[in-house]
Amino acid sequence: MAEEMLRIEGVSKSFGPTLANRDINLVLEKGILLGLAGENGSGKSTLASMVCGMQSKDSGKFYKNGEEYDPHSPSDAAAHGIAMVVQELGVVGNLPGIVNMFLGKMDKYKKGVAVDLAAMHRDADAVFEKWNLPKVPLNVPAGTLSIEQRKIMELARALITDPDFLVLDEISQALSQDNRQVLYKFIEQFKAQGRTILMVTHDLEEMMDICDQIAVLRDGVIVECKEAKEFTMDELKRQMIGREVSGDYYRDDQQEQYEDEVVLEVSDLTVEGKCEHISFDVHKGEILGICGLSDAGIHELGSAIYGLEHHEGAVRVKTSNTELKHPGDLVKTKGAYLSKDRDANGLMLDAGIGANLIIPSLVELSGPVGFLSPKKTKALAEKASQAFEIKSSGLNHIVRRLSGGNKQKVNLSRWLVKDLDYIILDCPTRGVDIGVKAYIYSVLKKAKAEGKAIIMISDELQEAMGMSDRIMVMKDHKFAAMLSRNCDFTEEKMMEVML
Amino acid sequence: MKTKKMRFDINTWLPIIIFVLILVIFSVATGGTLLNSRNILNIFNQSVATILAGLGMLFVAAMGGTDISTGVVVALAGCFGLMGAQASGNSVVFIIISVLIGIGSGLLLGYVNAKRKVNSFMASLALMMAWRAIVNLVLSNKAYYLPDNLYVLDKPVVKGIILVAIVLVIIYIWKFTRFGNYVRGIGENEVAMKYAGVNVDKIKIMAFVMSGLLAAVAGIFTVVRLGGTNNTMGSGFEMKVMMALFIAGIPVQGGEGSKVYKLLFGAPTIIMLENGLVLCGLNAGVTQLVRGLVLLGAVCLTSQLAKRMAYVGQEGAHNQKENTAEKAVENGGK
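So the protein sequences, as listed, match chains A and B.
Counting along the first sequence from 1, when you hit position 241 you're at 241 in this note's numbering, and nothing is skipped either side.
Counting along the second sequence from 1, when you hit position 156 you're at 156 in this note's numbering, and nothing is skipped either side.
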């Protein structure tokens with residue numbers, strides 16, 4: 001079994017003065033899943049993208065099946081049986097799924113001046129069938145698919161060239177529990193055929209569970225590589241960060257604890273085709289988790305609460321006794337909303353940190369004649385940036401140039417710097433490393449202690465169970481169960497009501 | 001580890017550099033005629049309307065939109081304004097009607113763009129054709145002349161004071177109010193604004209109203225300059241205004257890079273360019289060609305610079321990581 005698939009020998013890569021990868025040596029055997037662990041910016045994605053021909057290496061060599069392999073482009077890599085699913089969603093939204101799947105591979109399907117769509121559909125279906133992937137509608141524009149469907153489509157796209165070496169960069173973070181199971185089954189099937197997977201993930205629990213071997217990168221260097229079984233969670237974290245991490249970052253109490261005062265009262269909320277007749281209360285000082293399988297409607301519920309989606313039913317803010325009808329009511333009633341897709345729906349990527357930080361506070365900062373004092377806005381931005389330890393060269397630092405974790409800090413702090421009564425969070429720790437994750441949890445604990453009502457929509461059961469007082473589970477757009485921290489928080493119980 | 005680097009930001013200085021460049025080139029090429037007092041006054045007179053309309057269009061451009069109805073609004077406002085003034089015998093009616101037409105046209109365009117989700121270029125193109133047809137119908141065989149007491153508005157001092165006042169008000173709205181921030185925010189990321197609870201539709205409509213209103217004000221000064229109306233008034237004016245914006249490095253996609261001062265340099269630059277070419281004795285065809293090429297060059301330069309900045313930024317991001325790494329090591333040492 002220990003036959004070699006890919007050998008990486010002394011590979012280095014630098015960007016300007018910074019070494020992203022330094023003298024990487026790694027051997028990937030046939031039929032294994034190797035997990036690449038490391039904090040944001042440790043060089044995982046750089047290494048993965050060099051293997052796939054998306055970036056060129058500075059020095060060192062790759063050997064594929066014993067032969068030297070020096071890819072110049074992703075299609076060159078594909079010709080050598082290597083394919084990749086990238087972290088950022090790489091689909092063209094307005095093109096149908098089928099065209100997306102064969103982008104750059106259409107030569108084969110030329111029929112005169114046109115392309116043979118039927119043949120493309122046939123081949124695409126074959127891939128879905130072969131690897132037991134759930135069918136995704138391929139005739140509609142890819143942009144209308146859910147994030148999960150797009151991810152699965154991307155996986156299928158990578159498999160079209162029938163690769164024997166697959167790189168998966170943060171694929172599971174976009175997937176919810178049921179589709180993660182699909183992914184794990186696929187991985188087993190792929191490995192069973194003697195093929196190899198290199199996987200990058202932030203979800204350490206997942207990594208420990210499914211990987212055969214784990215390599216830890218820190219500051220561009222591989223500091224450890226061994227069988228996953230030989231790692232303990234604490235050791236893995238220590239290796240990644242390079243210092244001791246203090247135990248658990250979730251809540252350490254096991255009690256449902258909050259005040260009696262209701263802050264947000266949702267009654268009979270219905271968004272056509274997304275969620276039906278949802279009712280619940282959120283109390284002062286409570287973290288209410290909301291979980292569900294993909295397409296259960298949990299994400300739509302979050303934005304519907306404050307009127308972003310057309311809905312029936314009522315959402316009442318008890319503290320100011322107003323009904324949330326339009327998105328603008330969110331700010332008026334001291335609320336905050338953090339969307340799941342940070343880059344697309346949250347931040348102004350090409351603007352400075354300061355400009356981003358002040359946007360949600362402009363209503364409060366406006367004086368007479370709508371005057372916004374530059375002194376006040378700057379003070380607010382500085383306060384937010386310092387309180388959240390955003391690492392940057394200053395308030396003019398362009399957000400796009402920040403790491404994922406720091407981006408999320410900007411996204412969160414622009415809301416949390418305000419005086420809030422309630423907060424709606426949709427996957428607050430998506431795509432951030434454990435350092436920032438732990439930090440966000442500590443911020444949430446603090447907000448809870450201050451008596452804010454928090455709704456946390458989450459795709460990660462561990463996170464929801466670790467932080468919530470109660471968890472509302474949704475299934476097929478409907479209410480399924482309300483679980484209490486006191487006794488119900490086990491994975492079995494959660495899965496039981498979710499499925 | 002925190003060192004504050006003062007980087008020379010070329011984007012900030014670009015409008016000024018281009019302004020000076022054109023100034024120097026044509027001062028030399030015209031043997032100084034460009035800068036004699038009569039010609040400077042000429043350039044100023046022509047710049048006023050361009051700056052005024054540009055201030056309005058800035059709001060739309062910052063959202064990443066386009067309003068090409070500016071030129072025809074100038075004609076429409078001037079034409080109906082004078083009609084009203086002549087009918088009522090009151091010259092103030094001219095200004096009132098003009099302003100109302102500007103606001104009305106902006107409202108309509110904003111509504112079609114924000115609520116009916118029609119791309120602003122298409123919507124304003126349709127509006128441009130429709131309004132121009134109305135102007136042609138109304139003015140087909142008539143001419144309207146400016147009431148004598150309104151010629152006072154053409155005095156450089158009066159014009160200058162009004163211009164400065166309007167510029168100051170716009171700077172205030174642009175920099176120091178929510179509206180200005182939201183407009184730029186929509187250019188950066190419209191969806192994010194919506195998610196942050198901003199009433200995006202309302203802001204969009206307001207932006208188009210600003211554009212229409214200031215186009216009408218530009219129309220008032222254009223009529224005052226001409227002394228009356230004719231049916232080709234304002235045609236092609238929107239292109240001149242757009243050139244004034246984009247030659248000065250205001251990003252075509254809108255956003256935070258849209259700044260008032262850029263327009264204040266861009267407008268005289270473009271007028272100087274045209275004026276200089278004429279003074280050099282080049283015919284209209286060649287003038288057009290040069291104008292086109294200069295704009296192309298400026299827009300290419302702006303986007304090239306933006307790209308380069310992004311590259312520098314990438315390096316910055318990696319330095320960032322290095323800092324983080326160093327910090328982690330420091331912490332590890334403790």
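Simulated from the structure, these hints should not be mistaken for lab results.
Note that this is a predicted model, so its numbers are computed, not measured.
Be aware that one or more of the hints could be misleading.
Subject to a maximum C-alpha distance of 27 Å in a straight line, what follows is the list of computed DSSO-like cross-link-like pairs (lysine-lysine) [to be verified]: (1) K446(A) <-> K334(A); (2) K383(A) <-> K175(B); (3) K325(A) <-> K202(B); (4) K332(A) <-> K418(A); (5) K240(B) <-> K418(A); (6) K334(A) <-> K202(B); (7) K375(A) <-> K155(B); (8) K284(A) <-> K318(A); (9) K115(B) <-> K110(A); (10) K391(A) <-> K332(A); (11) K110(A) <-> K57(A); (12) K194(B) <-> K318(A); (13) K194(B) <-> K378(A); (14) K284(A) <-> K229(A); (15) K334(A) <-> K259(B); (16) K325(A) <-> K194(B); (17) K194(B) <-> K376(A); (18) K376(A) <-> K391(A); (19) K332(A) <-> K202(B); (20) K445(A) <-> K493(A); (21) K159(B) <-> K202(B).
Just so you have them, the derived chain B footprint on chain A, three or more residues with Cβ under 8 Å [claimed, not checked]: (22) 223-236; (23) 352-366.
A virtual CB, placed ideally from N, CA and C, is assigned to each residue, including glycine.
Hint by hint, here is what the structure shows:
no.	hint	verdict
1	K446(A) <-> K334(A)	holds (17 Å)
2	K383(A) <-> K175(B)	holds (21 Å)
3	K325(A) <-> K202(B)	holds (16 Å)
4	K332(A) <-> K418(A)	holds (12 Å)
5	K240(B) <-> K418(A)	violated (44 Å)
6	K334(A) <-> K202(B)	holds (21 Å)
7	K375(A) <-> K155(B)	violated (39 Å)
8	K284(A) <-> K318(A)	holds (10 Å)
9	K115(B) <-> K110(A)	violated (42 Å)
10	K391(A) <-> K332(A)	violated (30 Å)
11	K110(A) <-> K57(A)	violated (34 Å)
12	K194(B) <-> K318(A)	holds (24 Å)
13	K194(B) <-> K378(A)	holds (23 Å)
14	K284(A) <-> K229(A)	violated (43 Å)
15	K334(A) <-> K259(B)	violated (32 Å)
16	K325(A) <-> K194(B)	holds (14 Å)
17	K194(B) <-> K376(A)	holds (24 Å)
18	K376(A) <-> K391(A)	holds (22 Å)
19	K332(A) <-> K202(B)	holds (17 Å)
20	K445(A) <-> K493(A)	holds (24 Å)
21	K159(B) <-> K202(B)	violated (32 Å)
22	223-236	violated (count 0)
23	352-366	holds (count 8)
Checked against the numbered hints given earlier, the structure breaks hints 5, 7, 9, 10, 11, 14, 15, 21, 22 and satisfies all the rest.
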